[in-house]
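Protein sequence lines, in the order shown, are assigned to chains A and B.
Each residue of the first sequence is one higher than the last, beginning at 1 in the numbering used here.
Each residue of the second sequence is one higher than the last, beginning at 1 in the numbering used here.
Source of the hints: derived by calculation from the structure; they are not laboratory data.
Fair warning: there could be bad hints in the mix.
As the list claims (entries may be wrong) - Below 27 Å or equal to it, Euclidean Cα-Cα: the simulated BS3-like pairs (lysine-lysine) are:
id : chain 1 : residue 1 : chain 2 : residue 2
1  : A       : LYS71     : A       : LYS57
2  : A       : LYS11     : B       : LYS108
3  : B       : LYS73     : B       : LYS55
4  : A       : LYS57     : B       : LYS55
Stated by the list, open to error - Per label pair, the in silico range of CB-to-CB distance:
id : chain 1 : residue 1 : chain 2 : residue 2 : range
5  : B       : TYR54     : A       : ARG9      : 30 to 40 Å
6  : B       : LYS55     : A       : GLY98     : 12 to 22 Å
7  : B       : THR20     : A       : GLU68     : 34 to 44 Å
What you are looking at is a predicted structure, and each value in this text was computed from that prediction instead of being measured.
From the three backbone atoms N, C-alpha and C, an ideal C-beta is built for every residue, glycine too.
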Amino acid sequence: DTGVSQDPRHKITKRGQNVTFRCDPISEHNRLYWYRQTLGQGPEFLTYFQNEAQLEKSRLLSDRFSAERPKGSFSTLEIQRTEQGDSAMYLCASSLGGRSSYEQYFGPGTRLTVT
Amino acid sequence: AQTVTQSQPEMSVQEAETVTLSCTYDTSESDYYLFWYKQPPSRQMILVIRQEAYKQQNATENRFSVNFQKAAKSFSLKISDSQLGDAAMYFCAYFDSGGSNYKLTFGKGTLLTVNP
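The following block holds chain B by itself, in its conformation from the complex (with noise of 0.2 Å):
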């Protein structure tokens, strides 16, 4: 079974500043999508970035960009120029395109604080 790990529970960062979150993954197959996730508070959840596994380039949007290692099964999210809005719950999350299970698997979940 596929897992999702993230290491951090808590990270801050200062207005202005860069930060970088953390995630891991387990799986045996070669076709999948990941993904992070924001959750602000009693908000919605919704999708900040997209990478395919087949893609070497690494996905970037905006302030947000990421650092996919296939090989070490690594994938984080780096916020540049952080603003007060980014502050909300960050979740990495796996979805196995290659076969017939459609969900999504999440980390637990990293908190990002932004201090003014």
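Next comes chain A alone, as it looks inside the complex (with noise of 0.2 Å):
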């Protein structure tokens, strides 16, 4: 296992259309997290999952996005209805859990432009 991917690297949607990313974790980590990085800015938390389970949700999440990590494995991350304010880098990291929870490991990102 080589780390954490993300697909795709590149997303340029059109505003109003929905825009699906996906992320694989390194395969023994059971904690997952989304970040969001706009430009000049570092990246801000969006949400995270222990396993399957989504356990905590940012007040940037709004309900436009919605995450998955259906079998605990590889997450999703969609949005629907986009904006032009959605124009994002969007980060996927993944951990151990308990006290090596801090430890995060990072994907590329998947950079979105909306038009």
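Each chain sits in its own coordinate frame; assemble them with the hints.
Following this line, the structure appears as structure tokens:
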């Protein structure tokens, strides 16, 4: 296993369209996190999963956003009715559980551009 | 809520010289970790160095070291013998290890340029 992977790396969509991103974590990691990074800012937490359970969601995650991790392995992040303000880099990270949760490994990100 | 502040949007250093990046944070917790992450252009974020709050000794990783001042809530990164490959965005981050919130809180970053 070579690390966290994300697909696609880049996505250009028109306003109002739906998009879905995928994240494959490091195989033995049971925690998976989504962050959003806008230009000139550090990553901001969106949500995290422990196995298949979504345990916390940020206020940044509006009702147009939904994330799943159906079998506790890969995760998807869907944005419905995209808006220009959704343009950002979406980062996925994974970690072991417990006190090792601090050691989060990041994927390369999916850069979303909404036109 | 915890906050992380990086007051230097950009820094530059000559190759082979030393540079220090600043970070301050605010928390009421006693059990936490602090990190510096490096994000090269169009590449993924990687962990540079980690400091546990309960450890008084400053962390060191090869050319990278930190100056952790817990009372002042300051956590600076020193890069010695700077190399061209050190050029990147550097983020300071905080993790509350004593609670149930497992998120990292990041600063806005410092863009480091290394001049040959």
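| task | Check each numbered hint from earlier against the structure, then list the numbers of those it violates in ascending order. | result | As far as the earlier hints go, only 4 is violated by this structure.
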